[in-house]
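J.: So you can see what is in the structure, the chains are spelled out below.
Protein chains: 2
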Amino acid sequence: MQAYEKLKQLHQKLYNLQHLAALAEWDMQTMMPVKGAEARANALAELQAVLHQLKTAPHVAVLLEEALAVRDELDEVDRANLREMARLHALETQLPEDLLLRKTRVAALAQPLWVRCRADNDVATWLPMLQQLVELGREEGRVRAGTADLSPYDALLRANEPGMTVAKLDAIYADIKSWLPALYKEVLNNCKDVDASLVPLQTPIAEAQQVALGRQLMTEVWKYDWDAGRYDKAPHPFGGMVKEDVRMTYYWTPENYTRCMLATIHETGHAKYEQGCGPREMLGQPVCMARSGGIHETQSLLAERMIGKSAAFAEYVTPLLELHLGAQPGLTVENVRKLNQLVKPSYIRTLADELGNPLHVILRYEIERDLIDGRLEAADVPRVWNDKMKDYIGLETLGRDDIGCLQDIHWAGCGWACFPAYSIGAIGAAQLMATIRQQLGDDVVTQCIRTGHIDPILAKQKELIWDKGCLYETDELLTKATGEPLNARHLREHLERRYLRNEDC
Amino acid sequence: MQAYEKLKQLHQKLYNLQHLAALAEWDMQTMMPVKGAEARANALAELQAVLHQLKTAPHVAVLLEEALAVRDELDEVDRANLREMARLHALETQLPEDLLLRKTRVAALAQPLWVRCRADNDVATWLPMLQQLVELGREEGRVRAGTADLSPYDALLRANEPGMTVAKLDAIYADIKSWLPALYKEVLNNCKDVDASLVPLQTPIAEAQQVALGRQLMTEVWKYDWDAGRYDKAPHPFGGMVKEDVRMTYYWTPENYTRCMLATIHETGHAKYEQGCGPREMLGQPVCMARSGGIHETQSLLAERMIGKSAAFAEYVTPLLELHLGAQPGLTVENVRKLNQLVKPSYIRTLADELGNPLHVILRYEIERDLIDGRLEAADVPRVWNDKMKDYIGLETLGRDDIGCLQDIHWAGCGWACFPAYSIGAIGAAQLMATIRQQLGDDVVTQCIRTGHIDPILAKQKELIWDKGCLYETDELLTKATGEPLNARHLREHLERRYLRNEDC
Chain A
1 MQAYEKLKQL
11 HQKLYNLQHL
21 AALAEWDMQT
31 MMPVKGAEAR
41 ANALAELQAV
51 LHQLKTAPHV
61 AVLLEEALAV
71 RDELDEVDRA
81 NLREMARLHA
91 LETQLPEDLL
101 LRKTRVAALA
111 QPLWVRCRAD
121 NDVATWLPML
131 QQLVELGREE
141 GRVRAGTADL
151 SPYDALLRAN
161 EPGMTVAKLD
171 AIYADIKSWL
181 PALYKEVLNN
191 CKDVDASLVP
201 LQTPIAEAQQ
211 VALGRQLMTE
221 VWKYDWDAGR
231 YDKAPHPFGG
241 MVKEDVRMTY
251 YWTPENYTRC
261 MLATIHETGH
271 AKYEQGCGPR
281 EMLGQPVCMA
291 RSGGIHETQS
301 LLAERMIGKS
311 AAFAEYVTPL
321 LELHLGAQPG
331 LTVENVRKLN
341 QLVKPSYIRT
351 LADELGNPLH
361 VILRYEIERD
371 LIDGRLEAAD
381 VPRVWNDKMK
391 DYIGLETLGR
401 DDIGCLQDIH
411 WAGCGWACFP
421 AYSIGAIGAA
431 QLMATIRQQL
441 GDDVVTQCIR
451 TGHIDPILAK
461 QKELIWDKGC
471 LYETDELLTK
481 ATGEPLNARH
491 LREHLERRYL
501 RNEDC
Chain B
506 MQAYEKLKQL
516 HQKLYNLQHL
526 AALAEWDMQT
536 MMPVKGAEAR
546 ANALAELQAV
556 LHQLKTAPHV
566 AVLLEEALAV
576 RDELDEVDRA
586 NLREMARLHA
596 LETQLPEDLL
606 LRKTRVAALA
616 QPLWVRCRAD
626 NDVATWLPML
636 QQLVELGREE
646 GRVRAGTADL
656 SPYDALLRAN
666 EPGMTVAKLD
676 AIYADIKSWL
686 PALYKEVLNN
696 CKDVDASLVP
706 LQTPIAEAQQ
716 VALGRQLMTE
726 VWKYDWDAGR
736 YDKAPHPFGG
746 MVKEDVRMTY
756 YWTPENYTRC
766 MLATIHETGH
776 AKYEQGCGPR
786 EMLGQPVCMA
796 RSGGIHETQS
806 LLAERMIGKS
816 AAFAEYVTPL
826 LELHLGAQPG
836 LTVENVRKLN
846 QLVKPSYIRT
856 LADELGNPLH
866 VILRYEIERD
876 LIDGRLEAAD
886 VPRVWNDKMK
896 DYIGLETLGR
906 DDIGCLQDIH
916 WAGCGWACFP
926 AYSIGAIGAA
936 QLMATIRQQL
946 GDDVVTQCIR
956 TGHIDPILAK
966 QKELIWDKGC
976 LYETDELLTK
986 ATGEPLNARH
996 LREHLERRYL
1006 RNEDC
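Sequence order for the protein chains is A and B.
Everything in the first sequence is counted per my numbering, starting at 1 for the first residue and increasing by one.
Everything in the second sequence is counted per my numbering, starting at 506 for the first residue and increasing by one.
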């Protein structure tokens, strides 16, 4: 298997160089002064060109062909590694140079325009650019589909979220739409008393207090390895960089602690997956990468929603809040639970509660699918957005596109078919947590969370997901872990349990 | 000139990629957690390999030959750019792959051993490794000398400090040695009363106070551009990264403010040169690079010694010190001047005063020159070091090699012929300041420093040095700027004026 060994060397080299791109991107968000931006963009583009050249050099295709011809000689891990090498190679070589260049050029123009149009609530100026982005997405989808019987959107979806198809997503979302809007209304109706009884906390809550709380949760509950990471301020919270140095960021607002705390827990979920991902002896190889964006989101949402928003966690975190924010009437376990589980329809996806969030995602999925597959044009988006918001969430956005179809950055960056990952994560987190409860016992899980000693839960995440990296494809990974592929039933049971029946752990 | 245009494209590409190496190195010193080190080293090595390959590809030599054949068609800036391209290409291609690998491997072993031996004052364990490093240096010197009539050390010196030769340095240092040890003794003798009258400041001086002082000096006096840089803590102060984003660092000790303040001023001198270096329309090209390590040091030492340690600067900085450290008896202009100009023989080069520092440099130069040219072996170093310390500075180091020949990191990293840059900087700073005084007028310069409005001085530095980048070779640059090549007379006049005659500005 000389060809396979050469491919492994190539991927180690790519991994080493991608480290620098990851660092440059982290630094852009956290450290870089404004005048460094242009030189940084040039540096990143240059490195991407070097990487693209290494990945698409003609001899790589030859090596892959040779290696695949004798793949049966490899053990399971190497076979999976080779499969991922072939998948990544196909993704990288599918697009002609000229389409890549046009994507980069249009995205570079679109992003600042989007920032301006959102700030000015000026959708009219935005729509012609959106139409260009849609047409690029259609073209990319057609090229990626090639001769396969796939719609352009289906091709983009499979590129971003391997193993996922429009048919599967349509079925899952049809299921969710059959019960979630009604459930949401019922919960909101029940909530009226909860809201009235809420005791607000004293504000402003200082940055240092929120950071200290975040650091303590990362350290004591999630066992974040501070020798292999950092925690810095950024305009949007994110976690990542490289597996050996997984850096976390926070964003804080003085009006509440929940936004910063829950985002930190969310990002810690991502970070733990990265720090522990894949068969370690294969570090640097594709098999050691996270399975997909959707699976990544199962880990962050398991941390944030299954643990961080639970009633048991309110018991654990209330004394910590008192420690960091000072004693005050709002810091009772019951009131903290209510604050952490606050349900309120939101125009903004990233601020939506866990009932509204999947509806936000479905809305975006339906619109982008129909845009890319030619059933909608950019000019239709404001109206369709408004109709669906009214229908799914009960809010109207006509005339307020800044908090409607202009709110997300994804499309402005030519990022199509990215949204489904969030709902895969929401369902998968509930599904995985159901398995963990079953395997460890309900009481044990509740006790773990109540005391902040979640090591048994982390060990299960490691066993079921982290250790596997890209060993299996998504459906197989979930089936081995939970007994079935993605099933929205678990999300429903979780939401009903927490928000209707008060049986939350 | 198609060949020259292609070379320009290549250098733009190298510049873009080197941005990432510079960022990775800055991050290593300031941000990186310990467990990130191995992955970072791999990433940097991979990028260096890519860069080396780009620089030494066979077609580059062909392009250079073509471009040089018609160099007369180019204007002055492009001609200088091409000259630097050829110089850098020669340096990069001189060493065979196998010698480069051995250097990297030995340096990787030597550096941790050096740290341990210095901590344990264990020169016996160190000397065999030093001998290996010397032999590698000899080999590199021979290879770089090629068929030219150069000693190995001379070849290394010219590689590190273009335009400098052993013959020139020997003459300059002979000059300095003829008057500096005697001057140093005289000043030390005069100092006895000064020392007795010194009022020490209250300690500890907090990090935040020192950082605030540093930031204010950078902003108000040196007009450091905060939109194009940062100021962070590091184990050793340095300034640099890339021209568009020149980041500064500080190191502080609680016992005094001078170490952090003077180092910050020093690094700001480097930073201003980088921020303003070269003909701007050629950014990314070799002609836009700093002329040499020695010329870089003229700019940092002009800031630190000519301005920061001057009597006039004590007038400016005393109220600032009071602002940041609080009013106290030691904060009189006269006492602050004495603190900033403190003269005291030091075992340690980096802590030496400006009279002792050149002697430290000459000692190292003489030893490394004789090591590389075969007149000394590693085993001789502790004895020779002690003899020269006694002779030049009046201190003995036998049995205390940790504060003797083990103190510097340079040789442990295969860094030969680096020390002369510090003395070139010391002489050049005095020489350049003499010119600036002459051109602006003594009173104007003094007034500038006294009020902290040094813009006329900065404008002169820009005109004489920064704007020129690599347009001229070192001697020509200095001659155009000051009317003569490097001349130690200016250092002598500066030191006598400040420390003997009390005529300091």
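Please keep in mind that the hints were generated in silico from the structure rather than gathered at the bench.
What you are looking at is a predicted structure, and each value in this text was computed from that prediction instead of being measured.
Hints may contain errors.
Claimed, not checked - 20 angstroms max Cα-Cα, derived SDA-like pairs, lysine to any residue:
#1 A:Lys8 to B:Ala550
#2 B:Lys518 to A:Val50
#3 A:Lys13 to B:Glu551
#4 A:Lys13 to B:Gly781
#5 B:Lys560 to A:Leu136
#6 A:Lys13 to B:Arg785
#7 A:Lys13 to B:Leu606
#8 A:Lys13 to B:Glu602
#9 B:Lys540 to A:Val34
#10 B:Lys560 to A:Val50
#11 A:Lys35 to B:Ala542
#12 A:Lys55 to B:Gln558
#13 A:Lys13 to B:Gln558
#14 A:Lys55 to B:Glu551
#15 B:Lys540 to A:Ala228
#16 A:Lys6 to B:Lys560
#17 A:Lys35 to B:Asp732
#18 A:Lys185 to A:Lys390
#19 B:Lys518 to A:Asp232
#20 B:Lys540 to A:Asp227
#21 B:Lys513 to A:Val50
#22 A:Lys13 to B:Asp737
#23 B:Lys518 to A:Ala228
#24 B:Lys540 to A:Lys6
#25 B:Lys728 to A:Ala21
#26 B:Lys511 to A:Asn42
#27 A:Lys233 to B:Asp732
#28 B:Lys511 to A:Val50
#29 B:Lys540 to A:Asp232
#30 A:Lys6 to B:Glu551
#31 A:Lys35 to B:Gly781
#32 A:Lys35 to B:Arg785
#33 A:Lys8 to B:Glu551
As the list claims (entries may be wrong) - From chain A, some residues computed to sit far from chain B (all C-beta separations above 10 angstroms):
#34 His52
#35 Leu64
#36 Leu99
#37 Asp170
#38 Leu188
#39 Asp227
#40 Gly240
The beta carbon of each residue, even a glycine, is placed where N, CA and C say it ideally should be.
J.: Of the numbered hints stated earlier in the document, which are not met by this structure?
T.: The structure conflicts with hints 4, 5, 6, 9, 11, 16, 19, 22, 23, 24, 25, 39, although it agrees with all the remaining ones.
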